[in-house]
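Engineer: Residue-level listing of the chains:
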Amino acid sequence: MKIKIISLTILLFGLSSCDLDEELNDSLTIQASNQILGPTQALKSAYNQLWSFQQTDFQFMLQEHPSDEMAGPTRGGDWDDNGVWRSLHTHTWSPDNVRVISAWEQLNKGLYFAINAQSFPGITPSQKAQGVFLQCLYTFYITDLFGQVSMRISGESVSGLPSIQLKRTEAIDYAINLLEAQLPNLPDGTAMTADVASKNAGNALLAKMYLNRAVYKATDANGMPQIGPFTFSTTDMDKVISYSDAAMVGRSLQTNYFENFAPNNGEISNELIFTSKNTNQVGGDMHRFYFMTLHYNQRPGGWNGFVALTDLYDKFDDKANDKRFSSNITGLTNVSGLTGGFLIGQQFNQLGVKIKERPGGPTAPDLVFTQNFTLANSTEEKGMRIVKYQPDYSSLERANNDFIFLRLSDVMLIKAEAQARKGNLADALTIINTIRTTRGAAALPSMVLKTVLDERARELYWEGHRRQDQIRFSTFNQPVQERSTTTDRHVLIFPIPLANLAANPNLKQNPGY
Amino acid sequence: MKNSLLKSLLTFLTVLITGFAYSQNVSGTVSDSSGPLAGASVMVKGTTNGTSTDIDGNFTIKNVGTDAVLVFSYIGLTTQEVAVGSKSVVNVVLIDDKKELKEVVVIGYGSVKRKDATGAVESIKSENFNRGINTSPEQLLQGKSAGVQVTAGSGEPGVANTVRIRGNSSIRSGSEPLYVIDGIPVSSGNVSAGTNDVGIGSQTARNPLNFINPSDIESMEILKDASATAIYGSRGANGVIIIVTKRGKKGEGRVTFNSSLTYSKIARDYNLLNAAEFAKNTPAANNFGSNVNAFDEILRTAITKLYDFSFSGGDEKGTYRFSMSHLDQEGIIKNTGLEKYNASLNMTRSLFDGKLKLEGSITGAFVKDEAAALSDNIGAEGDLLISALKWNPTRSFYNPDGSYVFVSNNQRNPLDLLDNYTDFTETNRILGNFSANYKITKELDYKVNIGVDFSNSNRGTGLSKLLGIDSARNRNGIAAKSNITRSNYLIEHTLNYNTSLSSVLKISALAGYSFQKFENKGNTVVGSGFGSITDQNFYINNITAATSYDVSGNLRQRAFNDPSNKLQSYFGRAILTYDNKYIFSGIIRADGSSKFGANNKYGYFPALSVAWKVDQESFVPKVFSDLKLRGGWGLTGNQEFPAGAASDLVGINNTDGPNGALEILNVGNPDLKWEQTAQINVGIDFGILNNRLSGTVDLYKKTTTDALLQVATADPAGFPTKWANLSDAKIVSQGIEISLNYKIIDKENISWSFGGNIAFNSSKVENLKGFPTGIQTGTISGQGLSGAIAQGHFDGQDTYTFNLLQFQGFDNNGNSVYEDVDKNGVINEADRKFSGSANPDFNVGLNTSFRYKNWDFNASGYGAYGRKIYDNTSNALFFKGALTAGNNVPSSIVGTAEAASGNSNAVSTRFLQSGDFFRLANVELGYNFIGGSNGFPTWIRSIRVFVTGTNLFVITPYKGFDPEVNSNKQFRGIPSSGIDYASYPRARAFTFGINVNL
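Protein chains in written order, with numbering that gives the first Met the number 0: chain A, 0 to 512; chain B, 0 to 997.
Everything labelled a hint here was simulated from the structure, so no lab data went into it.
Everything numeric in this text was worked out from a predicted model, so none of it was measured.
Idealized CB from N, CA, C, for every residue including glycine.
Accuracy of the hints is not assured; some may be wrong.
To be verified - From the structure, some residues in chain A lie toward chain B, with a derived Cβ separation under 10 Å:
| # | residue |
| --- | --- |
| 1 | 77 |
| 2 | 92 |
| 3 | 106 |
| 4 | 116 |
| 5 | 120 |
| 6 | 137 |
| 7 | 359 |
| 8 | 375 |
The shape of chain A in the complex, shown without the other chains:
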C-alpha cells in the first residue's frame, strides 16, 4: 500500500515537472538586442531623447524659470501645479520638485543611450563620434544642473552601480577630453542637416563647455558652487575662440530673425548648428512652446501660462527697431494677429478685432497683457507673453519646427564673450554689432563685459540658456520681478532627486539641500 502511494507520487511529480525558463515574447535580452538591432537604432535612441528638451516639464524649464526672463504665475484655479513654478522662480525648490526629478531622469536616459550605442557591433567611426557628442551634450547639462555625473562604460550591465562617478570639477574635463578626441570623426554638415551631430556641432559644444568650465571648476570639494566672479583663463578663452570659429564655418545669420523659429526652420535657416528634428508625424512636443504662454482666446488657444519678466523687457534698448523685440510675421500675424517676440497690451486677432478675456462676447473685458503680475495670485490677463517658435497651423499639436540647441548667433556671442573676457572689447563689440544690425537694432557705440549677457538675453531669450548665462555672470541669485530676495549660492545647483540618491550611494546630496 505504502509503496503504491510512494511510487504514484514519484510518477506524478516526475512526469509533470515543467521548466520555469522565461519566455520573453515581445522583449529582447540585451545580448539578443545586440544581434538584432544595429548601431543606427541604438544611436537613434540617443538622438530621440533630445526631444525631452522640448518638453516644458523637463530640463528646459530649469534653465528658464529660475532666471530673469520667465516665470509661471499661479492664476487662481490655474497653474498652481503644486507650487512647482513658484518654487522654481523663487529658488525654493526641494529634491521632490517634479521638474527637478524629471530633468534628472530625462538627461540620464539620454546619457545612457548615447554611451550604449558606442559599443554596438558594426558601428562606424562617424556614428561612434556622434554617440560621444551626445554623451558629452548630456554630460554637460547634467554637470551644469546637478553638479555630479554617474557614468557607465559602454556595454556595462545596468543592474549594478555605475562604474564612473564624476564630480563637477572632473565631469567638465571628462566631457571636453572625450569630445576633443572624437572631433575629427564627426561628419561634415550644413545648416540643413543640423539635426546630425556634425563637426560644427562638436566645435560649438566644445566652445560652450570651455566657456563655462571656470564656473564648474570653481565648485568646492563638497560640491558647493560659487557665485563668482569666476576666473576665466586665457587658455580656455582661446580655446573658446578657436572652437567658435570652427563652429561658424558655412553658417550665416538669417536676415529674418523669426525664420529661425518658423515651422520650416530646418529647411530655411542658415544659422542652425545643432537641432532636434521634428516633423508633423514624429517628434517632441514642440507645440508646448506656444501653448504654454498664449491666452485661451488667442489662436491657437493656449494654456495661458508663462510670462516674460520686465527684467527681460528692460534689456531691449531699441524696442522700436529691434526685430527681435517685435515683428509681424507672414503666416502668423495674418492668420492669428499674433506677432513674433513680446505680446504686451491689447491683443488683436488677424482682422484687427480686439480679443476679449474669457468667456468672450461683447461684455467680456478686453484682453490686455500687463507688465505686472503676481507670482501667487494672478488673473488671466497678467504678464507679457512671448512668441518665438511659431505655431504650425498645419498641425498644431505635432509641429514641424526643429528645436535649436546651437545656432550661429549663440556661438558668435560665445566668441564675443571670450574676447571680452580676454579684454578684447573692440572685437567683441564688432561681433555684437554685426548681430544687432542684422536684427535691426542700432549698433552700440561701446560695451562692457556685461553687455554680452544683455545681448544674449535679447538674442537668445526663451531658448533654454538663461540660467547658465546668468550664473557665468554672477547675476543668477540677484532679485528679479516677483523675487525680491538675493538667494543663497546653493541654488546654483539643483538637488539630486531623493529616489536616485537612494539608488546610488556614490551620489552625495548637493550642499544646502
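Let chain A serve as the given structure and place chain B on it in line with the hints.
Structural biologist: Here is chain B on its own, set in the frame of chain A:
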C-alpha cells in the same frame, strides 16, 4: 337495488377500516423548499419500520398505528416529526438546517467541516448574498463578512471593485485577493482592452470578474488568515476568495427562470446653481441668457433587464446543470451601460461503481461595455461629467442652426460629447475545466484537474470630426481599435489520503503539484483623418479608411506580447484530529515562478494551525452548542509584478518605422522575489442555545516584508525605475473582527434573524528607509493641478496617508491661508502635514432577514468609519474663481469669503473630507406562491415575486456624489486610495422581479 348494494358496501368498508384502525397505511410526499426530495428517510418513531422516498419524493409506509409518530429526515435538512393520528396522507416540507448546511467549508484543494476548520475561513451562501442588480461576485459579499472590505470604484455599471481582506498589506503590488473559481485560480487583472488617450484621458478598468453570472454561484468561501491561505503560497497574502458554482442535484430535473426589471436614478447630487442664481453671482459677461441644466441633460432614469434560466438534475450516476442569462444594464449617464450574456454547463458522472468521478464545466460570457467620454485623469479639458458639472447654465447647447455650440477645448459641450463620441468594449471570456477523481483505495484518492481561462477583448473608440475637442478637430476625426488576449492554463495533480490511525486519531493528508501559465498580448490601431465622413461609428468599423496613422505620441500604433508568467508548485497539507477535540493542521507550499529573479526561483510557504473544540469537553455547560478556539501562523506571498521584471529587457520603439530606436523596457533585478507576509491569528467560534446566537471573533497581525516596489535605477540606466523588494520596510496590519448572528424568532411559520459584523484594522508602514519624503501616490488632476500629489506611504504612518497643506481659511483679500509649519514665511512643499488616511478605522455590516408564512424580507447595509476622502472634483472645479470665470459651481461656493478671482485652488486640507458612511445597501420584500395552492398547478414548485430597493440611503458628511469611491489616481505605478475625481455617480434603484421554480 344498486343504491342499496353500494350503501351496504360502503358500510362494510367503513367497518373494515375502523376495525383496522391500529394498522393503517400512510402515504405522502416529502419535499424541501425547492421541491420533492428523493431518498428521504421515513421511519415510525421507536420502531425499525421505515422506508425512503422514491424519485418523486413519494412514500408509502404500512402498518402505522394512529398513535404513531413518523420521523422524516434528510441530510442537511432539519429532521421533522409528525403524529399520524387518523391521517392517511402526510405531506411534509423539510426545511434547511442552517447549521448543518454551514458545516462544510471549502479550503482549497478540499473541504473540511466548518466545526473542524482551524483557520479563519468564512463561507457566504447564496441566500445571504446582496440583493438587487449585481454584475460580479464580489459585490455579493459587500458588507457580509468581517474584514472583507469591498469598495466600488464608482457607480458605473461594470466598474472594478477594490477588495481588501484585512487591510492593505502591499504598497505597490496588487492588494486584491486571489480568486479561485471551482478550483481554477484566475487572474484578477484587467482583461478588457485599454486604448490610447484619444483626448479624453484614460478610463477606469472594467471589472474582470463580471464574466461570472452571480446566480450561478452556490457559495463563496473567504480564506482570511495565513494558516488557510498558505496552501496558495505566493499568491495567498491578500486572502483567497473561492467561488463555488451551483451543481445539479439528484432527483427530478428542475427548471428555474428569473426575470427582473430595475429602474435607477441618481442618488445624490451636487447642489449646482440654476441659471438665475448663476447669473446673479457671476460677471455679466458670463450671462448668455438661456436656462439649461447640463447635468440633468446627461443623466437618465436607467432601466436594467435581467433574464436568467437554468435547468438541472441528476441521478445516482451523475448530475448536470445548464444556465443561461442575459443582463442589459443601462447606466444613469446616457450612453453608458453593460450588456452581458452568460452560459454555463457542468456535468458530473461516476463510473466503475463510483470509483471514478468525472466532472466537467464550461462557462462562457460575452460582455459589452458601453462607455461615455468619462475619465479618471482628465486635466483642464474635462470629460463628459466635468463638462456638464461646470457648464454655464445660461449658455445654450446649440447654435441657432441647431449645431452644437463650441466653447473651447477646456469647456467641452456635454451633448456634443454624448453624440459625437463612441466607446465600447466587447469582452469574451471562457473558463473551462475538467477533473477526474479516482478512488485508488478506500483511503486514497487521486485527482487531476485541468483548467483553461481564455479571454479576448476588443475596444472601439471613435471621435467624430464634428466633436468639439482639439484632438478630434485637428485630426479630422479619430478612431482607435484595441485588442487584448489573455490566457491561463492550469494542470494539477493531487493525492488525498484519509484514514484513522487509531480509534481517536484521524489523519487527512494532501499532496499536490500544479503548473499554471499566464499569457497576455494585444495591439492597438489608431487612425485619423476620415475625410467628409462624420459618423464616428463608421470610423471604428472602417478604421482602414483613415488617412493618417501617427507613429509617435499618444496616438501611435502599438502591439505587445508580454513575457509569459509560469508558476510551478508543490504543496502538501496534513490535518490530524485527536479525539474529535484537538485538530492540528500543517501546510507547506513551494512556488517556483518564471517571474522571480535567478537568485530566488522558489519560495516556500509553511503554515501551522490548531483548533480545540471546547464544546466537546464535559466541563462546558450545555448552553454552548458550539465552542472552538483556533490559533494559527503562516507565511504567504504576493507576486503581483509583471513577468519579465527580473531581467534586463530591450525593445524596439516603433517611432520612425522599421528602423525604430532601441528602447530599454526594463532594468532587471536577479534578486527579485515575492513579497512575504507572516500572519498570526487567534479566533473563537461559538454558538449558544442551539446556535440561536452564534458568532466568531478573530484577532490577527500581518507583517509584510520584502515589499515590492518600483524603485529608482542607478542612473544612467536607460529606464527610470526597476522592480525591487524593500529590504527594511514592513507593513503591519492588525485588527479584530467580530461577527454575530442571532435568531430572534425561529418557528415554522415565522422566523427573524439578525446578523452583524465589525472589523477594526490598522495598516502601518514601519522602518521605511531611503524615502525621507515617503513613497508618493495620489495624483491630483485638473486645471492648475499638474504634478500635485496628495497621498503617500510614510514611515510610521498608516498606509495611504494624506500629506497636505493645512488650509486655515481666507485672508482679508480672500486668498487662502495655510499653516506655515516650518515658520519660514514661505508656504511650500515643506509645510505639508499628515492629515489622516484613506483607510477606515473600522467597517461594519448589518443584515436582517424576516420570514412570515409566504412572505420574506431581507435588508442589509454596510459602512466604514474613520477614513478620509480627497475630493479632487471640488478641488478642480468648485471655488470662487471658477464661478467668476463662468463655470457653474454648487450653491455653497457663493457665500464663501474667497476672492472672486486670483486665489489659487492649491491642493490642501480644504478639499479633504470625512468619508464616514453607512449605506442601506439593499432591502427586499418577496412573496412565495406554492404550487398546488392559490390555484397554481402542482407542476409549479413555487413562484416568488419580489421588489428590491438598492442604495435607499447613505448617511455621510461627505459632500460628493458618494463616499464609497476610489478613482484611479496612481502615481508611477503606486495605487492610490480614497480619492474622488469626477467619479460616476451612484444610483438608487428599484427592482421588480419574479423567480419561477418548476
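Engineer: Take the shortest C-beta to C-beta distance between residue 137 of chain A and chain B; is it under 10 Å?
Structural biologist: 8 Å, holds
Engineer: So, as I understand it, the hint says residue 375 of chain A touches chain B; can you test that by seeing if any CB pair is closer than 10 Å?
Structural biologist: 7 Å, holds
Engineer: Can the hint on residue 120 of chain A be confirmed by a CB-to-CB distance to chain B that is less than 10 Å?
Structural biologist: Check failed: Cβ of residue 120 of chain A comes no nearer than 13 Å to chain B, outside 10 Å.
Engineer: With a cut-off of 10 Å on the beta carbons, see whether residue 359 of chain A makes it to chain B.
Structural biologist: Check passed: Cβ of residue 359 of chain A comes within 8 Å of chain B, closer than 10 Å.
Engineer: Against chain B, is residue 106 of chain A within 10 Å by beta-carbon distance?
Structural biologist: 9 Å, holds
Engineer: Double-check residue 92 of chain A for me: the hint is only fine if its C-beta lies closer than 10 Å to a C-beta in chain B.
Structural biologist: It holds, given that the least Cβ distance between residue 92 of chain A and chain B is near 9 Å, below 10 Å.
Engineer: Close enough to count: is the Cβ of residue 116 of chain A nearer than 10 Å to one in chain B?
Structural biologist: For residue 116 of chain A, the interface hint holds, since the closest Cβ of chain B sits about 8 Å away, which is under 10 Å.
Engineer: Using 10 Å as the Cβ threshold, decide whether residue 77 of chain A counts as touching chain B.
Structural biologist: 4 Å, holds
Hint 5 alone, counting from the list given before, is not met by this structure.
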